[in-house]
Every structure is written in C-alpha cells, then in structure tokens.
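Chain by chain, the residues:
There are 2 protein chains.
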Amino acid sequence: MAPKKINLAEKLGAFSDHWNPRIVGTYNGNEVRVAKVSGEFVWHSHTETDELFLVLSGELTMHFRDRTEILKPGEFIVVPRGTEHKPAATGECQMMVMDAEGTSNTGEVKDANLTRATLEKI
Amino acid sequence: MAPKKINLAEKLGAFSDHWNPRIVGTYNGNEVRVAKVSGEFVWHSHTETDELFLVLSGELTMHFRDRTEILKPGEFIVVPRGTEHKPAATGECQMMVMDAEGTSNTGEVKDANLTRATLEKI
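In order, the protein sequence lines correspond to chains E and C. Just so we're aligned: 18 in the numbering used here is position 18 of the first sequence, and the numbers increase by one with no gaps anywhere. Just add 122 to the spot in the second sequence (first one is 1) and you have the numbering used here.
Calculated directly from the structure, the hints in this document are not laboratory data. A virtual CB, placed ideally from N, CA and C, is assigned to each residue, including glycine. There could be a bad hint or two in this list.
Which bits of chain E does chain C cover? Going by a derived footprint, with three or more residues having C-beta under 8 angstroms, they are [what the hints assert, rightly or not]: (1) 6-20; (2) 27-38; (3) 50-63.
All chains, please: the whole structure from these sequences, using the hints.
And the structure:
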C-alpha cells in the first residue's frame with residue numbers, strides 16, 4: 001500500500017496546547033511529531049535518542065549549557081543524545097520534532113506538568 | 123559541545139544541480155539531506171531504509187504503483203522500505219529528505235546519470 005502525505009499545518013491546526021507533541025508519522029523507528037510551544041521548558045536530556053527540531057513558524061530558543069541557538073522558520077537543529085538542552089519560545093513557535101519511537105519529551109526528567117509518557121497519534 | 127543550527131535555504135542556495143542530494147546533518151543513524159529536483163526520476167525502492175520527503179518549495183509528485191501523491195510546501199511523506207516509488211516535479215521542487223546513513227538515492231537501481239554512491243556533505 002502506498003503511503004499518504006501529511007500536511008504539517010493541518011495537523012498543527014488540530015490542537016492548541018503547548019509542550020504537548022503529537023505523533024504524525026513514523027520513519028525508521030523514529031516518530032515524526034508536531035508541537036506548539038511557548039514560554040520556558042525544563043532542562044533535560046535524552047540518553048537513547050538524538051532529537052531533531054525543525055521550526056515551522058515563530059522562533060525557538062534552544063539553550064545549551066555552553067551556548068544558546070535561536071532558530072527561525074526553515075532552520076533545524078539536531079540535539080545529540082545525552083546533551084542537556086532547554087527549549088524556550090517568546091510567543092508561539094510551531095515545529096516538527098523527531099525522536100526515537102516511544103521516547104518521552106522530557107527525556108530523563110519527570111515533570112508532573114510537562115512529561116508525556118505516551119504521545120497521542122493524530 | 124552544543125550543536126549548531128542549520129538553515130535549509132542557505133544550504134539549498136549552495137548548489138543548483140538537480141537530483142543530487144547533499145547531506146546537511148545526521149540524526150539517529152540517518153542523514154538529513156536537501157535536494158533540488160525537476161523532471162522525472164527513476165522507479166526504485168530502498169530495501170534498507172524508509173525515506174522521508176518534506177517539500178520546502180515547488181511541488182513534488184510521488185508516483186507509486188497504485189497511486190500518485192502530490193505534495194506542496196509543508197507536506198511530507200514517508201516511503202516505507204521496499205516500496206517502489208518514482209519522484210517527479212514540474213518545475214523545480216526543493217525538499218528535505220531523510221535516509222539511513224550511506225544509502226543511495228536510487229536504492230536498488232543503478233543508473234549512470236542519477237545514482238550517487240556517496241553524497242557530498244555541505
């Protein structure tokens with residue numbers, strides 16, 4: 001069976017909450033996710049997966065312990081596994097994110113308000 | 123060391139030839155590639171990797187044996203390993219592509235004009 005295309009804006013239009021990624025596809029054992037973010041996230045790292053962030057709208061600030069990167073639409077960054085990072089955004093930022101299948105959005109950190117043990121597929 | 127962001131348009135501006143992807147990043151054993159395409163490619167499949175196509179500009183026609191999908195900017199498709207497909211574009215289409223590291227752009231097919239046994243990193 002041939003696969004179907006996915007429209008990122010359409011998927012992003014299906015929800016409005018922040019820091020709650022949705023799964024919109026799978027690729028080589030990884031999940032293609034979309035997320036809306038605003039404000040500050042928590043410092044965390046992922047021991048079992050690199051993490052790719054591609055900004056679609058707005059601006060993403062990615063803090064590292066030794067530097068900060070600011071991403072605009074059409075820019076991506078791959079955070080290597082084990083690298084501490086803290087995403088943040090002034091205003092709303094919409095992005096595509098990739099992580100290994102089944103991995104949490106807060107990595108090794110458990111946060112009652114932010115950790116999504118499982119993610120919704122939309 | 124913290125990673126650096128990649129600007130897709132900047133990378134795409136560094137070359138002009140068609141059907142010759144460049145590697146612009148790595149993620150979980152996969153290559154993030156950018157490509158400019160125009161016209162018809164060849165029917166092929168990849169036995170060892172899924173392939174993700176995200177359209178950035180123009181329009182990508184993805185032929186499958188049983189159906190055709192037309193992708194516009196902001197739309198992606200994941201072609202599962204082993205699935206025959208033939209990309210095509212009327213006019214130029216720019217896209218981000220992901221494949222397992224070291225895999226050829228023509229998969230199992232060898233074509234003197236199209237196959238890139240190794241890809242340039244830019």
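Checked hints:
no.: 1; hint: 6-20; result: holds (count 4)
no.: 2; hint: 27-38; result: holds (count 5)
no.: 3; hint: 50-63; result: holds (count 5)
Comparing the model with each numbered hint stated earlier shows that all of them hold.
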